[in-house]
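Using the sequences provided together with the hints, build the complete structure.
Top to bottom, those sequences are chains C and H. Position 78 of the first sequence, counting from 1, maps to 78 under the numbering used here, and the rest follow consecutively. Position 64 of the second sequence, counting from 1, maps to 64 under the numbering used here, and the rest follow consecutively.
Hints in this document: simulated from the structure, not taken from any laboratory. Possibly wrong hints are sitting among the right ones.
[Claimed, not checked] Taking lysine to aspartate or glutamate and the DMTMM-like style, the derived pairs with C-alpha atoms no more than 20 Å apart in a straight line are:
#, chain 1, residue 1, chain 2, residue 2
1, H, Lys-104, H, Glu-70
2, H, Lys-41, H, Asp-92
3, H, Lys-41, H, Glu-96
4, C, Lys-56, C, Glu-42
5, H, Lys-41, H, Asp-51
6, C, Lys-149, C, Glu-83
7, C, Lys-150, C, Glu-42
8, C, Lys-56, H, Asp-92
9, H, Lys-104, C, Asp-125
10, C, Lys-56, H, Asp-51
11, H, Lys-41, H, Glu-100
12, H, Lys-7, C, Glu-83
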Amino acid sequence: MKTLSIKNERYSGTRITVMRLFSLGLSGLLLYTATKKVMDIEAFSAHLELLPYVGKTVAYMLTALVVLLEYGLAILILYRYRELWVYSLLLVLMMVYTSYIYYIMNYAPFLPCSCQGAFKNLSWDMHYVVNGIVAVASIMLWKLAKQQKKRKDETL
Amino acid sequence: MMNRLFKILPILAIVVGIGGAWASQAEDSPCQTDGTPGYEKIEEGLPNPTDAPINEPNMQSVGTLGTTFECNSQQPQTCFWTYAPGHPEAVDNWIECIGERQPKSN
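Below is the structure:
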């Protein structure tokens, strides 16, 4: 019984370490992308203007919203990495980004240069891959956080 | 030991995330970035473009840098134009990239 308990504790410790490391990576990525957007805020806003019904003012408001959301999520992932809703929010954000890329690539009147994006040499197609990796990581972290929460509830 | 490390790592993530973005700023030039959509003037004598490509009748697509063409930067001529609103290098939203345009060799 004691051996089983020690094994469970070790497993739980490993799970928390994995969660911590992945959350650090995701958080660093979000901080990086948000800062890049702030540094090239005019360009990012101009790209958002390609969306239907989005004028200059709405584009600026969306830019501010996206940047604040990314910084906020990064801090939450760093310090609230056991919360399930944080990863759900990240997954929703990735789905919105993927829809935006799909629109840009298929329906925008022209393809803007992606040079002002998060990664210098990342083509628009490759953004799908990055979004997919982040989405898979957030699902994995969500599952780990859920298991951790369940385990914590059981011990109480 | 582990707990102390995990207290330092969030600060490290913040420094690396924000610092990395600042450090990579200087490298971002559409003229050197693969995947940049390129345009050329249909008629050379006309003024430089100012509007988005769809509204510029004198501009036509030449493909994307690194995929369909490359620029030999030794030659002082226009390799391609790219629409990059808000970019610090842009004049009237467009950037003129210098070099000789050559088809991308595989």
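Against the structure, the hints come out as follows:
{"no.": "1", "hint": "Lys-104(H) with Glu-70(H)", "result": "holds (5 Å)"}
{"no.": "2", "hint": "Lys-41(H) with Asp-92(H)", "result": "holds (15 Å)"}
{"no.": "3", "hint": "Lys-41(H) with Glu-96(H)", "result": "holds (11 Å)"}
{"no.": "4", "hint": "Lys-56(C) with Glu-42(C)", "result": "holds (10 Å)"}
{"no.": "5", "hint": "Lys-41(H) with Asp-51(H)", "result": "holds (13 Å)"}
{"no.": "6", "hint": "Lys-149(C) with Glu-83(C)", "result": "holds (9 Å)"}
{"no.": "7", "hint": "Lys-150(C) with Glu-42(C)", "result": "violated (45 Å)"}
{"no.": "8", "hint": "Lys-56(C) with Asp-92(H)", "result": "holds (16 Å)"}
{"no.": "9", "hint": "Lys-104(H) with Asp-125(C)", "result": "holds (19 Å)"}
{"no.": "10", "hint": "Lys-56(C) with Asp-51(H)", "result": "holds (15 Å)"}
{"no.": "11", "hint": "Lys-41(H) with Glu-100(H)", "result": "holds (15 Å)"}
{"no.": "12", "hint": "Lys-7(H) with Glu-83(C)", "result": "holds (18 Å)"}
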